[in-house]
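Using the sequences plus the hints, can you model the full thing?
Each chain, letter by letter, is given below.
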Amino acid sequence: MSHYLLDIWQPAGGTPEPAELAVIGARLDALNAEIRAAGEFVFAAGLHSPDAATVVRPDGLVTDGPYVEGKEFVGGFWILDVPDLDVALEWARRAAAVIGLPVEVRPFAG
Amino acid sequence: MIEQVYREQYGRAVAILTRVVGSIDLAEDAVQEAFAAAATAWADGPPPSPVGWIVTTARNRAIDHLRREAARADKLAQAALLHAAAGPTEEGPVRDDRLRLIFTCCHPALNRPAQVALTLRLLGGLSTAEIARLFLVPEPTMAARVTRAKAKIRDARIPYRVPADADLPERLRSVLAVLYLVFTEGWHDRPALAGEAVRLARLLRELMPDEPEVAGLLALMLLTESRRPARSVEGRLVPLAGQDRSRWDRALIQEGQELVRGCVRRGRPGTYQLQAAIAAVHSAAPSVAATDWAAVLTLYDQLARHDPGPVVRLHRAVALAEVAGPAAALAEVEPLALESYHLFHAVRADLLERLGRDAGDAWERAIAGTDDPAERAHLRARRDARRGT
Numbered sequence: 098m099s100h101y102l103l104d105i106w107q108p109a110g111g112t113p114e115p116a117e118l119a120v121i122g123a124r125l126d127a128l129n130a131e132i133r134a135a136g137e138f139v140f141a142a143g144l145h146s147p148d149a150a151t152v153v154r155p156d157g158l159v160t161d162g163p164y165v166e167g168k169e170f171v172g173g174f175w176i177l178d179v180p181d182l183d184v185a186l187e188w189a190r191r192a193a194a195v196i197g198l199p200v201e202v203r204p205f206a207g
Numbered sequence: 002m003i004e005q006v007y008r009e010q011y012g013r014a015v016a017i018l019t020r021v022v023g024s025i026d027l028a029e030d031a032v033q034e035a036f037a038a039a040a041t042a043w044a045d046g047p048p049p050s051p052v053g054w055i056v057t058t059a060r061n062r063a064i065d066h067l068r069r070e071a072a073r074a075d076k077l078a079q080a081a082l083l084h085a086a087a088g089p090t091e092e093g094p095v096r097d098d099r100l101r102l103i104f105t106c107c108h109p110a111l112n113r114p115a116q117v118a119l120t121l122r123l124l125g126g127l128s129t130a131e132i133a134r135l136f137l138v139p140e141p142t143m144a145a146r147v148t149r150a151k152a153k154i155r156d157a158r159i160p161y162r163v164p165a166d167a168d169l170p171e172r173l174r175s176v177l178a179v180l181y182l183v184f185t186e187g188w189h190d191r192p193a194l195a196g197e198a199v200r201l202a203r204l205l206r207e208l209m210p211d212e213p214e215v216a217g218l219l220a221l222m223l224l225t226e227s228r229r230p231a232r233s234v235e236g237r238l239v240p241l242a243g244q245d246r247s248r249w250d251r252a253l254i255q256e257g258q259e260l261v262r263g264c265v266r267r268g269r270p271g272t273y274q275l276q277a278a279i280a281a282v283h284s285a286a287p288s289v290a291a292t293d294w295a296a297v298l299t300l301y302d303q304l305a306r307h308d309p310g311p312v313v314r315l316h317r318a319v320a321l322a323e324v325a326g327p328a329a330a331l332a333e334v335e336p337l338a339l340e341s342y343h344l345f346h347a348v349r350a351d352l353l354e355r356l357g358r359d360a361g362d363a364w365e366r367a368i369a370g371t372d373d374p375a376e377r378a379h380l381r382a383r384r385d386a387r388r389g390t
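Chains as they are written, first to last, in the numbering used here: chain X, 98 to 207; chain E, 2 to 390.
Calculated from the structure, these hints are not laboratory results.
Where hints are given, some of them may not hold.
Stated by the list, open to error - If you only want the chain X side, here are some residues facing chain E, beta carbon under 8 Å, derived: (1) T160; (2) L198; (3) P204.
Unchecked claim - Non-contacting residues of chain E with respect to chain X, defined by C-beta distances greater than 10 Å in every case (computed): (4) H108; (5) I159; (6) M209; (7) P240; (8) A382.
Beta carbons: idealized from backbone N, C-alpha and C, even for Gly.
This is the structure:
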């Protein structure tokens, strides 16, 4: 089994309407239940937007906001423990379909 | 002898070793060492089963290597050693290891140039330098591409297996696209590259005899390749209409047509089979005038259902012009969103001329739209030929 990070590429800007978010949330819960049932779930979380981020630099300087301004930011992520890339890609495909946003799949090093 | 075995069996040996040792890099190194050892060991003649000898020797080399790594307390090497020592080198009765290797090389997590380079390197047994020459890129660029792709297979753990039935159609499309890309790259002026594509398509056909699109792709390649002797005269391109059909390769045509007939019997058409069927109709015609254009048009109608893109509709319009006249064809061509495609302008120019209208602007756009010198010269000649009459 191998660990993969699945991270959601969220565009900077508005979020969907509350009603739409509620539908997405319910579908995500169902998907997470499936991943758990498969024994492949390690961790998952949604993140606040980069407006809430604080950056600490190597010299100890603390600054408000994201390190780099981008068109996209990581909106949330999963850590999965699956047999190989194909299994990770299949969960990512399902996740992207539920959220309507691209999901990046990255293998853990080591 | 060794060269021939290398060419024919390199991919197979690497495919088996990759399964046994679990690493493409180690498999490649071991197979190359085995071929190097064969140079002395086979001095008095090859063993009864050359490929068996190569695989056994390579496996022993790989196990030696893993033992050394394992002695240094490398946990991964220890695990791989257990697997390699226990695993059989015989292939399963159902599936050739090369099939796993093809699907790994053409995995959608790799970009297309990487898929192409890996397929030629690992299955075709071409050296990185050879692939670089065939694709007209510097050797370090190609070497970096191959290294990066192999690293991604390892790090992202792209699986070494034939996809499950549910994923097979989509994954097979990617494999076919890679082989067809190799063929079309070679079609213009690199027959060796086109030859590699045909060789790999033959292999895939052998491995997947029940997939009609595989047969369709092979047929399309063979029927296209059959026209190579007639497609240029003194460096000038000769379009299908002007080719000396007596120069077409009859053996390739016969083989291609036989494959197309097999596809028709199966009744599961797809884009490669339909393109092959169109090529088969042309290959059966003694001249342009004697071509069964109605059949060509029907096949394009079917093709457009599988591939509704404007390029197919453009080609369909060429057949339509022969069946229903240039005015009907031009009406089909005009609305196509192919402004940046030089053949769009060339087809338009031809149809305008046949209708007795001014085609000068369309010819200029067609000529400006391609960088290929032979294609440009050919378009200029066509423009000037019409002007002269």
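Hint by hint, here is what the structure shows:
1. Given the 8 Å rule on beta carbons, the hint for T160 (chain X) is violated: about 33 Å separates it from the nearest Cβ of chain E.
2. Nearest Cβ of chain E to the Cβ of L198 (chain X): about 19 Å, over the 8 Å cut. The hint is violated.
3. Against a cut-off of 8 Å between C-beta atoms, the interface hint on P204 (chain X) holds, since the closest Cβ of chain E lies about 5 Å away.
4. Once the 10 Å rule is applied to beta carbons, H108 (chain E) is inconsistent with being away from chain X; the minimum gap is 8 Å.
5. With a least CB separation of 5 Å from chain X, I159 (chain E) falls inside the 10 Å interface cut-off, contrary to its annotation.
6. With a least beta-carbon separation of about 19 Å from chain X, M209 (chain E) lies farther than 10 Å from that chain, consistent with its non-interface assignment.
7. At roughly 43 Å, the least C-beta separation between P240 (chain E) and chain X is larger than 10 Å, which holds for a residue marked as non-interface.
8. The beta carbon of A382 (chain E) sits about 48 Å from the closest Cβ of chain X, which is more than 10 Å, so the claim that it is off the interface holds.
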